[in-house]
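Work from the hints to combine the two standalone chains into their complex.
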Amino acid sequence: MSDSPPRRVRVTSPRTVATRAQRVPAAREIDAQTMLGEVYMSSLLRSQLRLALLALAAVGVLVGGIPLVFWLFPDLTSVEVLAVPLPWLLLAFAVYPFLFGIGWLYVRAAERNERDFADVLERS
Amino acid sequence: MTAAGYSVLGVTAVFVATLAVGAYGWRFSRTTSDFFVASRTVRPGLNASAIGGEYLSAASFLGVAGLVLAFGTEMLWYPVGWTAGYLVLLVLVAAPLRRSGAYTLPDFAESRLESRGVRRLSALLVVAIGWLYLMPQFQGAGIALASTTGTGSWLGGVLVATVVLVNVLFGGMRSITFVQAFQYWLKLTALLFPLLFMVGIWMGDGAVSPASVDVGSGSTPGDAWESPLAGPGEHQLYTTYSIIVATFLGTMGLPHVVVRFYTNPDGGAARRTTLFVLALLGVFYLLPPVYGGLGRLYAPDLIADGRTDSVVLELPARMLDGTLGDLLSALTTAGAFAAFLSTSSGLTVAVAGVISQDVLGRRLGGVRAFQAGAVVAVLVPLGLALASQGLGVAQAVGLAFAFAASTFCPLLVLGIWWRRLTGVGAIAGMLVGGGCAGGAVMATLLGVAPGGWTGALLGQPAAWTVPLASLVMVGVSLATPRRLPPHAARTMVRLHTPEAVQLDRGTLPR
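Protein chains in written order, with this note's numbering: chain A, 1 to 124; chain B, 1 to 510.
If you are wondering where the hints come from, they were derived from the structure by calculation, not from laboratory data. The C-beta atom is built at its ideal place from N, Cα and C for all residues, glycine as well. Mixed in with the good hints there might be a few duds.
What the hints assert, rightly or not - Here are a few chain B residues that face chain A, going by a calculated C-beta distance under 8 Å:
{"id": "1", "residue": "83"}
{"id": "2", "residue": "227"}
{"id": "3", "residue": "236"}
{"id": "4", "residue": "240"}
{"id": "5", "residue": "241"}
{"id": "6", "residue": "244"}
{"id": "7", "residue": "265"}
{"id": "8", "residue": "268"}
{"id": "9", "residue": "279"}
{"id": "10", "residue": "286"}
Next up, chain B with everything else stripped away, as it sits in the complex (with noise of 0.2 Å):
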């Protein structure tokens, strides 16, 4: 059998384990509260595994150890701050959010700011983050089964697209819930196992160092290999501490992280569940790393073919000859493709969730409008990765987090923490957010961005549009006392006391 057979066997395989880990949710599925948040009974365990599941996408699983092969040291600050993104989420968002009761992030908008307008808003941005988020997930998905298996590049992102669309139809979120717990592990095993391996043979050939070699011109050498600061230049602070701001900040404004934390029981097991989550992606970003490192000793040439994306898929036949090799080539592709699929299903809930309740609610009802969502959630960003292939899979999750963090950090932030926000300072906060971060950003990708300070301040936009963003939201609503939500009080004592303590705690949201 060929590497090609033994790759098309593992994706097969990851399809096929979907569907089927799937079906066996798909009979606990029955009401619409089982389709949106599974009811709300997921334990931390299962629920961690689940987030972690999700959470881990493309960018992690291959994005992560090519940029390290490419760029070296400084880009292990994206792993940190997806890791350190959870904390922050932990520490501000979890347990209130969890309490607040709402299914997802315009339900918590609207019934935190009793505003239709911030409601519309925030339902608005979630599918364009969603969006933007799903994109990249079907390009990768090409791209990983056009390199191994020799098929056209659009193959991948509509296979992906086709097995996430039946699991999230017939099971919805308690489905999901199964496939995205059981792929985490998948994709820890896919990462760990051939490492066993590779680790053996750098220690048997001397355990040299990745930044002591040379790997020719137009590449990283190596002391500004291992150097922690990003970019060339006098922007490197500046642009390491914008990279910092938004992975820190951008993951609690993901919907698909988000929409997770509903379908904890409570307050105190959504923050448990999340603990859990940081243990989780610790020990997988532990991986990704050494796959780049052992890449510049093994792999130089996929710098100079600009291919680094593909290490992870491509180190283990090269390092080891033969069937065994090929074999956990063959593992590595299957993990990436498990990654490609919970990474999707997670956001085709979330987007479908908002699409829903925000656009087809009215016409639809419960169940129905829920699938009706889920193909319209789909369809439209695999119609725009099929259209779009140039935008890199990198650029456009980078766009997602700098967007996130400068929208939906400061509404849930203020909104948890501070009552004296209203409606019309969150709706202008986020919409100078959300314009300067994807203005920046758009600038920067179609190429009109000047160099200097502009280009990095452009380049990087999140370490001046967030605090830009909680400052037009603090002053606006401070200008605007009138508009103070009437049950802004009841609303604080739902987010923050515990359950067990008898309280009145306003009517929930729906």
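With the rest of the complex left out, here is chain A (with noise of 0.2 Å):
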């Protein structure tokens, strides 16, 4: 028998994984359709909602607002830039670069909005 004591044995527990919370990726809150994942999905939908919503408007105000313009002022019609006259000039022209513009912003945008969409399901 031997008197020199027995080596030390470190014990650990092997369960230290249980006691750390467990993380749900947001994904699969989605995916059970819990109340966390509505949240994600209508903050996604009130974005891009808010954006379309915003395009519109703008459109809405700046060509929609032509008619109402002439009809209250129907001295404006005989107006002419660079010998064109005016409503010629806004609804055969200008017009057009106008919407693409609007059009080429919205796409950026909902695009960035997407990208934030996917970045925050990610990342949590």
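Spelled out as structure tokens, the structure:
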């Protein structure tokens, strides 16, 4: 029999994971249709809808306002810009680049919204 | 060679080129998915050209110039509305519609609302709007061929119907995509090239303003020609806004426009395609109004004759002498036929898709059913066009827009953005909207509408039928909360989340 004491063995608990709070990916919250998933979804929906309504409002006011302005101020009809009548200049030329510009800004912002949504789901 | 000879040559060249480009696409068309949606692999650039080519119909190519010639600046609201309609489509519908994963409008309605009834009603409306829109294309083809070459007015329609049918039967959507992309650029060239010569002549003549000339009695005087408000009298503002509502909101409900979105690979591509389309339409619509303005100076007799629609076809030959003028007129005639062909092709594919799935699908399968559907989709409106020569081209197209805005616009917008829409609500809204819009325009066409305010309300119904249909849809949906589709939440996830995120999107339709 040896009188040297037995080697010390460090005893550790294998169950450290169990004590930590379980993290559920946000995507699974949406899949399970929990309240939290609902919050993620409705925030995406709301931001996209707000963006769409903003774009429509810009078109509604600036293009949709044209008949009202010319109805209230009929004298504007005979105003000429660079020898082109103002109504013709607005409706035949200027309106198209404007519509494209609104569309371009919308697509950029909508894609940014979607990227933010994807980032939030991945980070959590 | 005579002027008619050049026109025949031009039109023949368009028919041959259409079949040749279509034949190039036939080689790729194998599966049912190829036929319906070109297997959803069309890149944004090609797809946008195809959408532009499909969308610019006879009404855009011939009608806008004719209307501007006759009535002036107020008619510019039509091309502006047809372009702005794509912007509304982009911000409200484009990406979610593609992400819904459905083939046709009835597919979308059924997968979102989980109701067979909504599906059947949508299928009925798609076929009705499609035929309403196809009929004037065939009629316009007949009128254009008759006025340039002197043939019978039935021949143009029959020729266009035949070429469309051949391409659709053999190649489906795959083949049509190439054909339509080619036709956008053909139409743009056909208007732009003659215009370069004509604007040069106009500058040489001292660049007189079209509004400054007096074109005789019975036509619009110069200051009214410059006004951006539609129609005479106290209904001006209402009529103008009603045209704006019908065109801004009607575009998204046209079956041939919507079916194109299913050919994009994903929702993001659908958005970029639509933006591209906005640019292509904006460039194209700069041109027809100039024909209208020049027509007021160089071809004012067309107004008195009531033949304003042929100003695009005749103006080059009138402003330029000799062979060059005849050749350029033949070019615009060829462009007009490209317009008839491309729009009818797109409508035929859309209507055939719905007929084959909802009527023939159970008895025939896949490609066979699609081909049988295409034959029905073309022959019925061709027969209607030959039987009723009276109904105006622009009137029928206007009816289609008001009708689409009053039925499919509320269904799509509420279906995509509002969770509490029910099948019962959608059916009620579409019935009320479609019934009122259809009834109002029928009353105007049959001439039984009274004058004054009632006449104005019936003549341009969209400004009151669209809000009415939407209110009915919302009201009935709120009154039937028990009929809420059981998987509405999952469907909303599918419609709105980007494809890059891994999520349970429920089962895709079919």
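Hints, verified against the model:
{"no.": "1", "hint": "83", "result": "holds (6 Å)"}
{"no.": "2", "hint": "227", "result": "holds (5 Å)"}
{"no.": "3", "hint": "236", "result": "holds (7 Å)"}
{"no.": "4", "hint": "240", "result": "holds (4 Å)"}
{"no.": "5", "hint": "241", "result": "holds (6 Å)"}
{"no.": "6", "hint": "244", "result": "holds (6 Å)"}
{"no.": "7", "hint": "265", "result": "violated (15 Å)"}
{"no.": "8", "hint": "268", "result": "holds (7 Å)"}
{"no.": "9", "hint": "279", "result": "holds (5 Å)"}
{"no.": "10", "hint": "286", "result": "holds (7 Å)"}
The structure fails hint 7 only (numbered hints given earlier).
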